[in-house]
Structures are given as structure tokens and as C-alpha cells.
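Novice: Next come the chains, spelled out residue by residue.
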Amino acid sequence: MNSTRLGEVLLARGLITAEQLETALRQQRRTGEKLGRLLLILGYVSRLQLAQALADRWRRPFLTIAPDSVDVAVAQRFPLDATLRLRAVPIRDTGTEVVVASAEEPGEELHDTLAVVYPGRQPDIRITTEWDIDRAIALTHRRKVVDTSIYGLYFRDQAESAFTVFTLPQYLAFSVACLVLLAGLWSAPLQTLLFLNVPVTLFMLAVMLFRTYVGVVGAGAETAITITPGQLEALEARELPVYTILVPAYKEARVIGNLLRSLAALDYPADKLDIILLFEEDDPETLAAAKAAAPGANVRFMVVPAGEPQTKPKACNVGLLFAQGEYLVIYDAEDRPEPDQLKKALLAFRQGPRELACVQAALNYYNWNENFLTRMFTLEYSFWFDYLLPGLDRLRLPIPLGGTSNHFKTAVLRELGGWDPFNVTEDADLGIRAAMHGYRVGIVNSTTYEEANKKLGNWLRQRSRWIKGYMQTALVFSRDPIGLVRRAGLRQAIGFVLLIGGTPLIFLMQPIAIGLTILWLVTRTQLLTPLFPPWLLYISLFNLLFGNVLAIYVNMFAVFKRRLHVLVLFSILNPAYWLLHSMASFKALGQLFTRPYYWEKTTHGLTRHGAAAA
Amino acid sequence: MASPATAPLPPEPRAPWGVRLALALAIALPLGLAAAGLLHDGWLSDTHGAFLQRVRFAVERNRLELLGFEYPPLPFVLLIPWTSAWAALLLGTAAIAGLAWMVVHECTDRRSVLPLVLLAAALWNPIGLHLVASDFNEALGLLALFIGWQHYRRWWATRQTVHGLYTGLWLGLAFYTSPLGLALALVAGAVLPILFPRLQIPPFASQLVLIAFPGLAATATWAYLSYIFTGAVAFPFSPWEPESPTFTAMLPWALPYLCVGLLVLLRPKATTAGMVLPLLLLAAANRAGWHFSLGFATVLLTLVAIVALPRDLPALARPVLVALALLHAGLAWWKTPWPALGPEDLAARAVAEALAPLPSRSVLLDDRYAERLLKWAPSLEPYLTTRDTGYEIGVQQPLDAVRYVLAVRDEAGYTFDADTRPPTGFVPEWEWRGFALWRHPEAPRVPLAFDAVPVAAFPESR
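Read top to bottom, the protein sequences are chains Z and C. Using the working numbering, the first residue of the first sequence is number 54, and each one after it goes up by one. Using the working numbering, the first residue of the second sequence is number 859, and each one after it goes up by one.
Some hints could be false.
Not everything, but these chain C residues come out facing chain Z in the computed CB check (under 10 Å) [claimed, not checked]:
1) 922
2) 1015
3) 1019
4) 1061
5) 1076
6) 1079
7) 1105
8) 1106
9) 1109
For each label pair, taking beta carbons as the anchor points, the in silico distance ranges come out as [as the list claims (entries may be wrong)]:
10) 228(Z) to 1085(C): 55 to 63 Å
11) 940(C) to 255(Z): 54 to 62 Å
12) 920(C) to 258(Z): 17 to 25 Å
13) 643(Z) to 1236(C): 52 to 60 Å
14) 587(Z) to 1091(C): 43 to 51 Å
15) 1088(C) to 228(Z): 41 to 49 Å
16) 1016(C) to 71(Z): 35 to 43 Å
For the record, the hints were derived by calculation from the structure and aren't laboratory data. All figures in this text were calculated on a predicted structure; none of them were measured in a lab. Even glycine gets a Cβ: it sits at the ideal position worked out from N, Cα and C.
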């Protein structure tokens, strides 16, 4: 009945036609969304017209918020979380009245909260647009938004934040280890090197067996029941919740238009999408490109207040503050998610256990056949997302999230503290943190296609950031090993150590192992004999031969599963590709000490494939 | 690019695992018990003896790299944790139980006990006993080949890549028991266009690579290991093997296989040709000098027959097949002797036991001619062999290096030419049934039971 009245108001004002109203009402019957939002999404009214009509309907005055009309001190007295939840900003205090701008129909909770925060003041609530509210929040709570997005996790639990790279005990342990090592090398070099060689070789063996086993288990995941087309068809639009899509976009002017087209192609009611594009203050070009793409009314632009560290997780945290969806997903600017992904993720949440906090979609590359690097990258991603992560899922082990296409229950994400802006693989960190808090991460059978790096320098920057992030994550969660085991369980803790700790270590050790092998093959020197007593030599050989063969083979199947037949033979070149990982690992190790929070930006839009698609 | 396949398949019919296990054990245990009885009576096959002495040597010398000389390597690796004839027996029994487990699945799938009857008939006789009592490596090989093959069938039936992955891995593992693993992988890859007539070249090539890669990689890694430890690609090295059965010798023991082949030919399909492949592979292996026993060939062909059994068997076929299986078993009992120790083994065991208490590396021995002796040696610790450093010095200056010299006789005479040039300064101790022992003058006597005679026929030592 209320909706009809809004329609009547708009009709009476001549803003919509009867046919348009009928179309919107039909849509409303299908999706259950508010009529005003539907009219907005359908493009029949502007935000301003809608807000004015709503003001009429709610018998409230309409207000346009000019920046200089807001008393920041008054606004800041109103708690940020209440501001965000109630979509209302107090903008002036006249002594007897507090003037409040609201984008929602004022309810009892707003009145009660105002009475507590501004006692003795009569509320004068006026209606404004959603965008004005967002702008007012950004203006009045700028500091708070920045602090929350940067230090929210740190203030909640310092132990889970990578703000402190090494804790004092870690520094001490590291220093003592270095001193002992140096002393050992000075006094008994061969024995010391042997002493080092033993745990490293055994750890590499464990990592190799672990990854192969998880990969093989993941290969069998295709036989598990996942989301089927029938289940998707059975979904009623009315039942669909609002889904927030966060897109942190920095220096992405070249690809942002493509992303908006991909988002528009999603098979999800547009009126139930809350798309937030997150821009940085020093990047007006991307903002301009996004505006030029003229996105729909369900897209919000948000400029992230400047503040160090300027990282993607910080931008995501800002987006999380403003997110209105029951579920939330992250996409990168160059992403092309499969259209049914949101529905599949939603069904996965509904079918999954209560503790399922996040669902990860597979990532792969649309420019897979561009050059050697993109082919190898595709091989790697096919194994990681189609075999390894499903394997971890099946074995109930912690899953490090991939950079994008992580779907969350928004409330749980907030409970977990959002992303760690000091961790440069905030996604992997969040996946592990979820496991530590008793939540689970699942895998859904949908793919987001991205742009693979085709240039070596760009690839090295991206990869060194990822590996540095793994090192950060390993350091964070190894601060309290006993607590880790107690909270996550022994199996999960071992899985974490082998995957998150093992990945950088393998890459750091690989060139040394290969170098020693080549040295021995070429010179047949006996110098290495003391370092490899027979039993250790056999394990090293097993790592070298079977480790490589198994990794190559499982990788072959991962691309075969994606029907990328040309890439099957490319898998044999993996050892060369892994050497590039080693280069990136050493760079990451250096940066861990010198620039731990530095975000090595990956440049997108370099592909010819993307240009063609655009 | 396509997203990975996701369509779930209906679950396959399976007997409860308890039933499967009971049936698998029911098939395997009689063989295991029979082999255990033989072992208890003191019988040990040449092949198991050869495995054991090589593993003992590597373990006792702490030189596992010596296994790099040997092919197939899997039995050696499996015997390292427990170097005993009982371990070989248990592994063989377990492998047969594994085979039976899979055949029980065939029974469930076909709702018929005929596959199990065929398998039992092939196994429960002296020929089948060979797989447990004489060469557990062949049982392991059959198991790996059969699992790989079953996954291969499921792969092309369901298109689920995980079965392709297992196919390659099992066939790769099979290579470490028999070169047939690699051959089967290559053949399985090559016949894909027969199974999928519309297969285009890129998917065919990639699937061929996927099936063959583990086998090729297994070959390459083993060759590399041999190379780095020996400087040569020792491939394959199996001096203890008797000759493989010829093609014509195999056929009388393949009655169920031949009968099923005829049944299949009544309604030939593209896959019918696959039934001939194992036979051709065995024939080719024979010509290539790759060893296999009659037991291996018989059971392999029986497994092929089981898998190829038409689902809609003619009414008469079932009793005919059962009759043929029983005939097969009866013939095997009739024509194949039960294993028994020969006099050579008895003598070798007596000598090995006599020398067992001697000090470490005190007996100079050319182990290349002493397979039978070493097979019975509970430990190789007393011997200084060709694989030991110091052997050459031992040959040139035995008085300084060892306390005893043991010569072994073959067609060419005694090793070290001991019958014509006895070791300098050594005292003849005894000569008996192809073994002759010389003793350092200061070394204690080595009593030998039985009917050893003094080495009076030999020239005196200088």
C-alpha cells in the first residue's frame, strides 16, 4: 500500500508514467525489493527525484547537504556505526533542535539514539539522497573511517595484525638462531651446514607430499555434489538477499569499464546489488573513467581517504563500513566473473554449515595463451584453484583466500575484523584467521577470469608481494604456536605451516638445491658428500625427482580439466617457472625487513586480449 | 576455456566394505597360508631370496644407493623396513587381496559371482601360488596394472579427470615393478582414438601425454638414479630370473580368457580390440627379454577376461566358463609341481648357516656367483663382496684383508680360480657340493655339519 503511494506521488509529479509504474510493480512482485530502489535501478527516476518524493511521502522536509552546511563536531558525536546502520547524519545543533539528514524513513531506533546522544534536543529529521549521506559520512567521520579501516583489526587484537612484523620473542629467536648459525659456521662449518640441511630437506619432503596429496584429493572434488543448473533455476528472485560487491580500483582507468560491463552481466537482480567502487584520493583518472562508463544506479562511488598504508585491504575495509548487503564479494578491476557466480555462492552458503563464513570461487585467466608467462600462470592458477583449494576444503584444512571472488557473510566478516591493511596478502590472511576463529571457508564451482601478467617485471612485483604476504601471515600466526594448535586444531595448524610457511620456504630453497645438483653433476665434487649422508641424499633425490614429477603431473591434469590441452605439455616447463618464484621470494624476503607494508602494484590492462574485449 | 566439470554421477553399486574385505581375504588367505607353510618348512624362492639378499646388503652396509643398481626397484624399497621372507609373503598376500577386492567390485557391478570364481581358479593352484610364494613383485605389478586399467576404464566412461590422474599414477607405479607398466600406458594412450572416434588431435595428444607421462617419468628418474650411482643406465638388471613362458606355453593356461574372447567376438565393438592387447604385450615383452612368470601371465589374462565378460552372457556360457576355470585349476595342480627345496638349496643353506657367525667382512666372496648361498645367509655382514670397497685388496692380498676365502663352483670351475691357484698362505678348510673354504692359518676352524670332505683334491696352498 505504501509502495502504491510512492508510485502515486511520482505519478502525480509527472516523474514516471503509468506503464513505468506497472513495470516496476511487476518487478517488485518478483523480487520483493522496495519500489523506490526499483524505479531508480530501472532508470525511471533520479536519486534526487526519488529522495524528494520519499520526503513528501514521509511528510518530512527535503534537504541537500552542502559540505559547509555540516557541523562536523555535531556529526562526530553521533557514533559511526549508528550513522552507518541508520543512514542518518546529524548536521546541525541549534541548541533546541538537532537537524538530522536521513536517507531512510526515520524509525524508533533513530529517535532513541538521538535522544541519548543529543539529550534535550528536539530532532528535526530531513530526508536526503543516499549519496549525500555517504558524502556526509566521509566528510564528518573521515578520521574515524581512516582509523577504523587501518587500525580496526589491530585495536581489536594486536596478535592478529601484521602491523608488528616481528614480535619481541620472534626477534629474539631470530637473533639467537642467526648467532648460533654464525658461531656454528665459524667453528664447525660442515656439521652446521648438515644440521641446517636435515630439517630443510625433511620440511621440503613434507611440503611436497602434502601439496601432492591435497592436489590429488582436490582432483576428486569434481565428483562431489556442487551447485547444479537446476538448483540455480529453482532460486526465487524474491528470496535473494542484497549482495554487496566491493571493487577496490587503483590506477585501473584502462579496465574499469570492462569490469562494469561484467558486473552488469551478472545473473542477479540489479536492484539487489550494492556495488561499491573504491577509489583512492590520488587517482582521479580511475574515478573519471568509472563515471564515463555511466554505471547503473546500484553502483556507488567511494573515495577512500588518504592515509598510510595505502593498500587494497584498507580500501576494502572502508567499503565494508558502507556495505549494505547481507553477503559481500570482492572483485578486482580487471575481473570477469561468470554470470551465475553470486547465485552459486549464495546457494553454497545455504547448503553449507552455519560456520561457513566465506566461499571462494576459482580464478583463472582469459589471456592464458598470450605468452610463456601467461601460460605458466594459468597452469599455476588451474592447479591452485581447481585442485589445491578444493583439496584443502575436502580435508577441512585452512584455506588461504585468493585475491578476488571471495564471497562473505557480511556480519561474520565484520566480526572477524575485516582485512588486515598491513598484510599484503590480506585475503590469504583472512582465510586463515577465519579458520582460527572456528569458521570455515568453502569452494564454489564458478570461475572469475582475470588478466594474467604478461610482463616479467610486473609479474615479479605481484609475486613478490604475494610471497611477502605469505611470510607476514606465517609470522602472524606463528607468534603463539600453542594457541594456534589450541584454537585451530593440530591438523589445521600443520596444514597451515606446510602451506603458508612451506610455500615461501620451498621457493627460497629451490635455487640452492638446484645449484648444488648442477654443481655436483658438472664437477662430481666430493665437497658436498659430508652434507648429504646416504639417508639424506635419498630424501633429497626423492624431493628433486619425484617432487618435480608429481607437481608437474598434477598440474597437467589441472589444465586438462579446464580443457586447455595446449598447456598440458607446458607443465613440463614448470621448474623454470618456479625459478621465477624463487627470484620473487628473495625479493619478498628483502622487503619483509625493509618495506613490509609496501604494496607492489600490479599493472592491469596490458593484455591484447583485454583490449580486444574492451 | 571451460569451467571444470561439475556434474555429479550416480553412486556406483558397492558391496559393504566388510563383505568386500571378507571375500578379498577369502581369496588371498589360502595362498598366503600355503606360502607360509612352505616358508615354515624352509622353502624360499630364488626371486625372494635375491630380493632379500640385495636389501640386506644395502641396509647392513648403510648404502641404500646400491638399490639403484636393481630393477625393478619397488620390491627392494618395500622390503627395507622389514627385510624378511615373511614380509615378502605378506606383501604378496596383500596384493592378491587387493586384486580380489577389485574383482569383488566387478561382481557387485555385474550381480554375478563368476568373476570371483574365475579369479579363484586362476590363483588357487601352484601357478597362482607363485605370485605370493615366489615373486610378490609380480603380484604388486598386477595390482598396480589392474588398478590403473580400472581407472582408465572409468576415465573414458565418466570423463572425470581424477580417474585419468589415478590411471597415470598407478601405471607409473607399475613401472617400478615391471616394464609392462610403461608399455601399457603407451598402448592405453595410443588406443584413445578407438575409444573416442571423434577425438580431435589436441585432446588426443594431451591425453596420451597424461597417461604416458608418469611411466616415462618413472623410467627417466630410475635411469637417472642408476646413472648417478653407477655411471651407467643399468636397465633392467634381473639376473635371477628364469625364462618367461613362450606365447604357446601361455595359451593352455588361458582357457577362460580364450573363451571370453570368443564370446566378445560374437558381438564385436571398437573396444574388443583391447582384449588382445595384453596378450600382444606379453608376447612383445617376451621377445624384448622382459621377464614375467606363467603365474603373472595367467592371472593377467584372467583379469582381462573378467573385465571383458559380456554383461548379457548366453545361458550356456556361464557353466562353460566355470567348467573351463575348474579345468584350468585342475590342470595346473596336475602339471605343475609343488615347490620343494632341491639339494643345491640345502647345501647352500648349510654353508650360509655355518658362516653366519663369522666376524664382519672376514670371508672373501665373489657374490656374482653366489646368489644361492647369499639367498640363505641371514646376514651379509661376514662377507667381503665385489660391492664392498676393499674387495680388490682382498683379492690381491687376502692374508692381510680377510680371514677366510670362500670359492663357489660353476661350469667354469671355482671362483678366484681357487681350484688351480689356492689363496696364498691359506689353509684348506673344506670343500662340499660346489663350495670350498680356505682359512687363514690363525683363524678359527669353521665346522660344517653334513658330509663335508677335506680339500684333499685341491693343490696345497703356497
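Novice: Each hint: holds or not?
Specialist: Hint check results:
1. 922: holds, 6 Å
2. 1015: violated, 13 Å
3. 1019: At about 5 Å, which falls below the 10 Å cut-off, the nearest Cβ of chain Z leaves the hint on residue 1019(C) intact, so it holds.
4. 1061: At about 5 Å, which falls below the 10 Å cut-off, the nearest Cβ of chain Z leaves the hint on residue 1061(C) intact, so it holds.
5. 1076: Since the shortest Cβ distance to chain Z is 8 Å, the answer is holds.
6. 1079: Check passed: Cβ of residue 1079(C) comes within 4 Å of chain Z, closer than 10 Å.
7. 1105: violated, 34 Å
8. 1106: violated, 39 Å
9. 1109: violated, 38 Å
10. 228(Z) to 1085(C): 55 to 63 Å: violated, 44 Å
11. 940(C) to 255(Z): 54 to 62 Å: Given about 23 Å between the Cβ atoms, the range is violated.
12. 920(C) to 258(Z): 17 to 25 Å: holds, 20 Å
13. 643(Z) to 1236(C): 52 to 60 Å: holds, 58 Å
14. 587(Z) to 1091(C): 43 to 51 Å: For residue 1091(C) against residue 587(Z), whose Cβ atoms are near 21 Å apart, the range 43 to 51 Å is violated.
15. 1088(C) to 228(Z): 41 to 49 Å: holds, 46 Å
16. 1016(C) to 71(Z): 35 to 43 Å: For residue 1016(C) and residue 71(Z) the Cβ distance comes to about 56 Å; the hint is violated.
Consistency note: the structure conflicts with the earlier hints numbered 2, 7, 8, 9, 10, 11, 14, 16.
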